[in-house]
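Chains A and B, in that order, are what the protein sequence lines are. Numbering of the first sequence is given in numbering that gives the first Met the number 0, commencing with residue 0 and proceeding in unit increments. Numbering of the second sequence is given in numbering that gives the first Met the number 0, commencing with residue 0 and proceeding in unit increments.
Just so you know, the hints here were simulated from the structure itself, not pulled from any lab data. C-beta atoms are modelled at their ideal positions from N, C-alpha and C, and glycine is treated no differently. Do not take every clue at face value.
[To be verified] Here are the simulated lysine-lysine pairs, DSS-like style, with alpha carbons at most 30 Å apart:
1) K148(A) / K32(B)
2) K242(B) / K117(A)
3) K124(A) / K250(B)
4) K197(B) / K124(A)
5) K124(A) / K242(B)
6) K124(A) / K19(B)
7) K124(A) / K148(A)
[Stated by the list, open to error] A short list of chain B residues far from chain A (calculated; beta carbon distances all over 12 Å):
8) K19
9) L44
10) P189
11) E220
12) H223
13) S252
14) A284
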Amino acid sequence: MYKIKMPRFGLTMESGFIEKWFKKENDEVKKGEPLLEVSSEKITNEVASPASGIILKIMGKEKEEIKVGTVIAIIGEEGEKIEEIKEKVEPEKITEAVETEETPSTRITLPERGGRIKASPLAKKIAREKNLDLSQIRGTGPGGRIEKKDVLAYLSSVSGKKVEFKIEKLSGLRKTIAERLSKSFHTAITLTNTTEVDFTEFKKLMKENKVSITSGLLFVLSKVLKELNKFNAHFDSDKKELIIFNDINIGIAVDTEKGLMVPVLKKVDKLSLKIINEQIKELAGKARKGIISEDDIKGSTFTLTNLGMMRTEIFTPVINPPEVAILGIGRIIRKPVVTDENKISIRELAYLSLSYDHRIIDGADAAKFLEKLARLIENPVLK
Amino acid sequence: MREITFAEALGEAIFEEMEKDPTIFTYGEDVAKQGGIFGAYKSLLGKFPDRIFDTPISEEVIYGSALGAALVGMRPIAEFHFADFLFTGIQSITLQIEKIRYMTGGQGKLHLLLRGPDGISNSAAAQHSESIETIFMHTPGIKVIIPSTPYDIKGLIKTALREDDPVICFEHKMLYKIKGPVPEKEYLIPFGVADIKKEGNDVTVVTMSRMVHESLKAAEELEHEGINVEVIDLRTLVPWDKKTVIESVKKTSHLVVSHETWKRAGWGAEIASVVQEEAFDYLDAPIIRVGAKNVPMPFSSSLQDFVTPDYKDVINAVKKVLR
Numbered sequence: 000m001y002k003i004k005m006p007r008f009g010l011t012m013e014s015g016f017i018e019k020w021f022k023k024e025n026d027e028v029k030k031g032e033p034l035l036e037v038s039s040e041k042i043t044n045e046v047a048s049p050a051s052g053i054i055l056k057i058m059g060k061e062k063e064e065i066k067v068g069t070v071i072a073i074i075g076e077e078g079e080k081i082e083e084i085k086e087k088v089e090p091e092k093i094t095e096a097v098e099t100e101e102t103p104s105t106r107i108t109l110p111e112r113g114g115r116i117k118a119s120p121l122a123k124k125i126a127r128e129k130n131l132d133l134s135q136i137r138g139t140g141p142g143g144r145i146e147k148k149d150v151l152a153y154l155s156s157v158s159g160k161k162v163e164f165k166i167e168k169l170s171g172l173r174k175t176i177a178e179r180l181s182k183s184f185h186t187a188i189t190l191t192n193t194t195e196v197d198f199t200e201f202k203k204l205m206k207e208n209k210v211s212i213t214s215g216l217l218f219v220l221s222k223v224l225k226e227l228n229k230f231n232a233h234f235d236s237d238k239k240e241l242i243i244f245n246d247i248n249i250g251i252a253v254d255t256e257k258g259l260m261v262p263v264l265k266k267v268d269k270l271s272l273k274i275i276n277e278q279i280k281e282l283a284g285k286a287r288k289g290i291i292s293e294d295d296i297k298g299s300t301f302t303l304t305n306l307g308m309m310r311t312e313i314f315t316p317v318i319n320p321p322e323v324a325i326l327g328i329g330r331i332i333r334k335p336v337v338t339d340e341n342k343i344s345i346r347e348l349a350y351l352s353l354s355y356d357h358r359i360i361d362g363a364d365a366a367k368f369l370e371k372l373a374r375l376i377e378n379p380v381l382k
Numbered sequence: 000m001r002e003i004t005f006a007e008a009l010g011e012a013i014f015e016e017m018e019k020d021p022t023i024f025t026y027g028e029d030v031a032k033q034g035g036i037f038g039a040y041k042s043l044l045g046k047f048p049d050r051i052f053d054t055p056i057s058e059e060v061i062y063g064s065a066l067g068a069a070l071v072g073m074r075p076i077a078e079f080h081f082a083d084f085l086f087t088g089i090q091s092i093t094l095q096i097e098k099i100r101y102m103t104g105g106q107g108k109l110h111l112l113l114r115g116p117d118g119i120s121n122s123a124a125a126q127h128s129e130s131i132e133t134i135f136m137h138t139p140g141i142k143v144i145i146p147s148t149p150y151d152i153k154g155l156i157k158t159a160l161r162e163d164d165p166v167i168c169f170e171h172k173m174l175y176k177i178k179g180p181v182p183e184k185e186y187l188i189p190f191g192v193a194d195i196k197k198e199g200n201d202v203t204v205v206t207m208s209r210m211v212h213e214s215l216k217a218a219e220e221l222e223h224e225g226i227n228v229e230v231i232d233l234r235t236l237v238p239w240d241k242k243t244v245i246e247s248v249k250k251t252s253h254l255v256v257s258h259e260t261w262k263r264a265g266w267g268a269e270i271a272s273v274v275q276e277e278a279f280d281y282l283d284a285p286i287i288r289v290g291a292k293n294v295p296m297p298f299s300s301s302l303q304d305f306v307t308p309d310y311k312d313v314i315n316a317v318k319k320v321l322r
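Isolated chain B, as found in the complex (with noise of 0.2 Å):
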């Protein structure tokens, strides 16, 4: 199969819905004429020039701007140019987009994707480095989708794109250029169905995004030990797949949730949460959270290696677990 980066699937997926579905159209900062400021829309470069455009440096008006254009019917794709910078027109979000199909008693339909990157890179300090998808599993009314390959991102975003609720969707800043296997014909992955990265019998490892790729690293150096992981990509937060984690705990009855969001109160609590409500007869050891320190990100590349969860992490709560 052919193997095309994270941005190269990205592009792909939002052509494909481009081309059979006129009401789609995208827009942000430097999304046009540059790409995205991490090439994520590199590939869409001199295509649908009137549909894909730049904006002013202006969330608040990015993201209500899509709120009424998916009113009045249109399908607008807004990117968030940095997930932190959600904050800024974050009203937008929880008080309107994600409540008024509620509001109208489901009266409409709200047709719209925010999607943006998320997470740490090299040296971008406490305002660019952030991880914030627990905020929109915390507030209701708009799904959550997190990919962490190519393949899942295209199918991801394709489900998104014919979606009747608005989606919020992170991109790691780190996994654009990651290459990775997508077919040509053309697939959807629906919400809340997770992907077993790696099956194990010994401990599961719960995960979504660049922590995926750290946490199948960590799987691979802890089977030289002998012990056997099973990691699993939720891939969609909202909704996420109970399923097949709570199936997985009872095979394996040892539990560990990791992401690259803070530790405290990140989406890792509300998992280990609902598993010891649950399975809780399943768990032989408690479960453990791999996450980010509660600090703001430095900016020094060794401080933020310390801040931030790797493989070697995963590692250390696995082996805590079983211990």
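Next comes chain A alone, as it looks inside the complex (with noise of 0.2 Å):
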């Protein structure tokens, strides 16, 4: 008889969402069949069953949130009774969840595995050098170790999927993005600082440059993360910290079917605005398909968040914590503009929304940023 319990994804995830069960009470199961869905914060993964046999009682219902460690279901020969069962059905602690062997493998685990990876000194170098974590690879050597001819197979179905990273399904959405901005909107302080800045050369360097505003304006944006890098940071309420990074790392919002995904681009401010342009059109294209990496939505520094194609000029973004401030760009409007000259033309005009928390930074400090910002956009140089 086999207990099954709420899995643990990650270090940090103390309870799960069951999204759904792809078997019923008295349904067959084989020993890795996929048992059901289960969705952390961020990542949704299929359960495989730890073993094979009759479910006997489902305890853990579609749409609950249960603890980690909790039994969800049992497994065992048919005609085994459930009284006998009832007395050992008690959710366990988590501590020892982690450690029980009863406690399901998600999918991509590899079933009966060690605690041990053991991989030939070559295969831990290749995986090294390609960023690979070895407890996703199937050794095919002596006693299942990795070998340098495993790992090449890994990468090459991994690489047949046009990503660098394994690619996980995403769903429990909406349920993180309720978390964190509610978390944001009651400890926060925000304030939002508006100014109007003329994007005519900007967007017509842009267009000569075939790359997109979106690009352009991380590519400005992280000069100016560079130079004022009290905006580049973490603010932790409790210890009263503020983590200042020596990477920027913006997180870009995009609408996907599924709702608000947040990718981030790492190191923008060493990327070139050619790569810049590929790199988002990428993340947004995996944001869409709903085929991103856990490790594309994770290190942002500060966000950005362009409403430029709708029809929004002016909003509030709310911070995405523990960020300090987030950018949101307006939509580009052609406007009737009084010039240095005193004549009026014809300027393509949008407006910039800085959200930033005002318990680590001031009304000056945002309305210098955007200074600094407008300036660049609208005298736009690619260096």
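Build the complex from these two chains, which are given one at a time in their own frames, with help from the hints.
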């Protein structure tokens, strides 16, 4: 008899949300067969059955949030009595749940593997160089040892799908958004400064270089963040510490069918405009197809949200915690403008909306930020 | 190119160097009148009658007198009748010959070549079949050369006869009669330079002496199965060509070391250790050693075959390391 418990996907996971069961009570299930779908904060995984048998009872219902380690189902032999089982169906301590063998493995974890991963020195070296997780690779050498050919086979299977990382389907996303945003709303003291900026030259230059406005904005934004690094930071409100980052990793809010997603472009200040443009396309594409990996949505130090393609000019973006600020871009509109020579000229204008956590950043800082950014947009250079 | 035997190539090397260098003389048991028990000196019969001569059966005297002669500026070539007997005169070698240059602070040179047969033959049993080259790799102070072809023995012996350090040369009994191309023009083979006998990408086999030929035979058979073996003949054990071996392992990621001497603490263990120390990240499988079983050699020929490694053991080892 096997007790199926709510699995733990990551160290910080405390509970899981049962998206759906693939089996009903009294169904037969084979070891390794998908049993249910569980979502954590960010990731949805299929959970494979750790044993073969009949599903005697399902305690964890669909759409229920359940603590890690709690028994959610019982697999046994046909005819085994539920009364007998009932005594044993008690939620167990979370710490034990991680260790217990009966915690079902997720589908991506190899079945019947001990804790130690056996791999040849060469296989380890390649995995290290390619940033691969050896636990994801099936070893075919003696005793299941991972050898070079196994790593290469894994690499080619992954690159066949044209992404560098493992592909995982996302769901339960809306919950995450709600949690994060309400946390932000309730803890940060959010203010928004806005300014109108002339995009005429900027837009022209981006068009000439065949890159998107968003790419160009990331390019100039990274320069401002580098200079005013207080904006490129996380605020730990418990410790009252501001963590200022050297890397500039900008999250880009993307509208997808399943909801808002924020893929992260890493080390933006080290990238050329062209590369930024390519990487955004790839990330946004992955986000819209729902094949983005957890790594792609982690580690942002600042967020950009662009509503320029929609009918919004000025808005109040909500900070993505633990970040301290977020920049919103509104629709670019052609307007009459009084030039320096006191003439009326038709220019393309848009509003920048900078929301910031007033606990960390003062209004004057925000104004300075917008000033610098506006100057870079109005006098664009590609260096 | 002309082909001559291993023994003829050895004789040629000694003859040519004796003609050039009057300090060279050579002696041992049954070398002058018989031409050596395995015919090593057949081609020297009747030549240099006062510089090639026989000695009584006394290993201690043979090695000890060579040491004395070398100390007064001669360049003796002393033959050990069987490698097994080296132990009967070992103190001259390990206590004196190997040490003297160091203990005199390098003031003196020691022009001395010990050479003779080792390895198995037809049922020569426990006291006449040994390969003990590892002993001289382990105890520092002497260079160790182990040629596998007529070409190599000529080039290596000529180098040995121009060395300032003592050298010991092991000649496998079963190699004296093999023939191979040897140029008539003079050449030398430097110590510490391995010969890649066959290039390959899948697995490296490091070997010497008779096992070079067994390893090549194994490589040929494995080729039919699509396994591409690189065979490296070290040719000299002290010094050994670490660079070539490590480069090869970096290419193939798999290593087999094959020798006729006992597997237990044989020199293959040293090669394997150095490779894992210096090229660990390139290994895709454990290193496997091929060597004799850890027993004195039986007299029975079928038991001798059982104890001694051959090409089949190399094939098995390669398959195991690639499995």
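Reported absence of S252(B) from the contact zone with chain A (all CB gaps over 12 Å): 5 Å, violated
Whether A284(B) stays farther than 12 Å from all C-beta atoms of chain A, as the label says: Since the minimum Cβ distance to chain A is about 6 Å, A284(B) lies within 12 Å and the statement is violated.
Exclusion check [L44(B) not at the chain A interface, CB over 12 Å]: 55 Å, holds
Pair hint outcome, K242(B) versus K117(A) [Cα-Cα no greater than 30 Å]: 29 Å, holds
Non-interface label on H223(B), tested against every C-beta of chain A at 12 Å: Fine: 21 Å to the nearest Cβ keeps H223(B) off the interface.
K124(A) paired with K250(B) [C-alpha distance capped at 30 Å]: OK: K124(A) and K250(B) at ~14 Å, within 30 Å.
Non-interface label on K19(B), tested against every C-beta of chain A at 12 Å: Check passes; 50 Å lies beyond 12 Å.
Claimed clearance of chain A by P189(B), with the beta carbon kept past 12 Å: Given a closest Cβ separation of 32 Å, the condition holds.
Restraint check for K124(A) with K242(B), where alpha carbons must lie at most 30 Å apart: 21 Å, holds
Holds or violated: K124(A) to K148(A), with C-alpha atoms at most 30 Å apart: With Cα atoms ~13 Å apart, K124(A) and K148(A) stay inside 30 Å; holds.
Minimum Cβ-Cβ distance from E220(B) to chain A exceeds 12 Å: Its Cβ never comes within 12 Å of chain A, the nearest being 23 Å, so this holds.
K197(B) paired with K124(A) [C-alpha distance capped at 30 Å]: Given that 30 Å is the threshold and the Cα spacing comes to 28 Å, the pair holds.
In summary, the numbered hints that this structure violates are 1, 6, 13 and 14.
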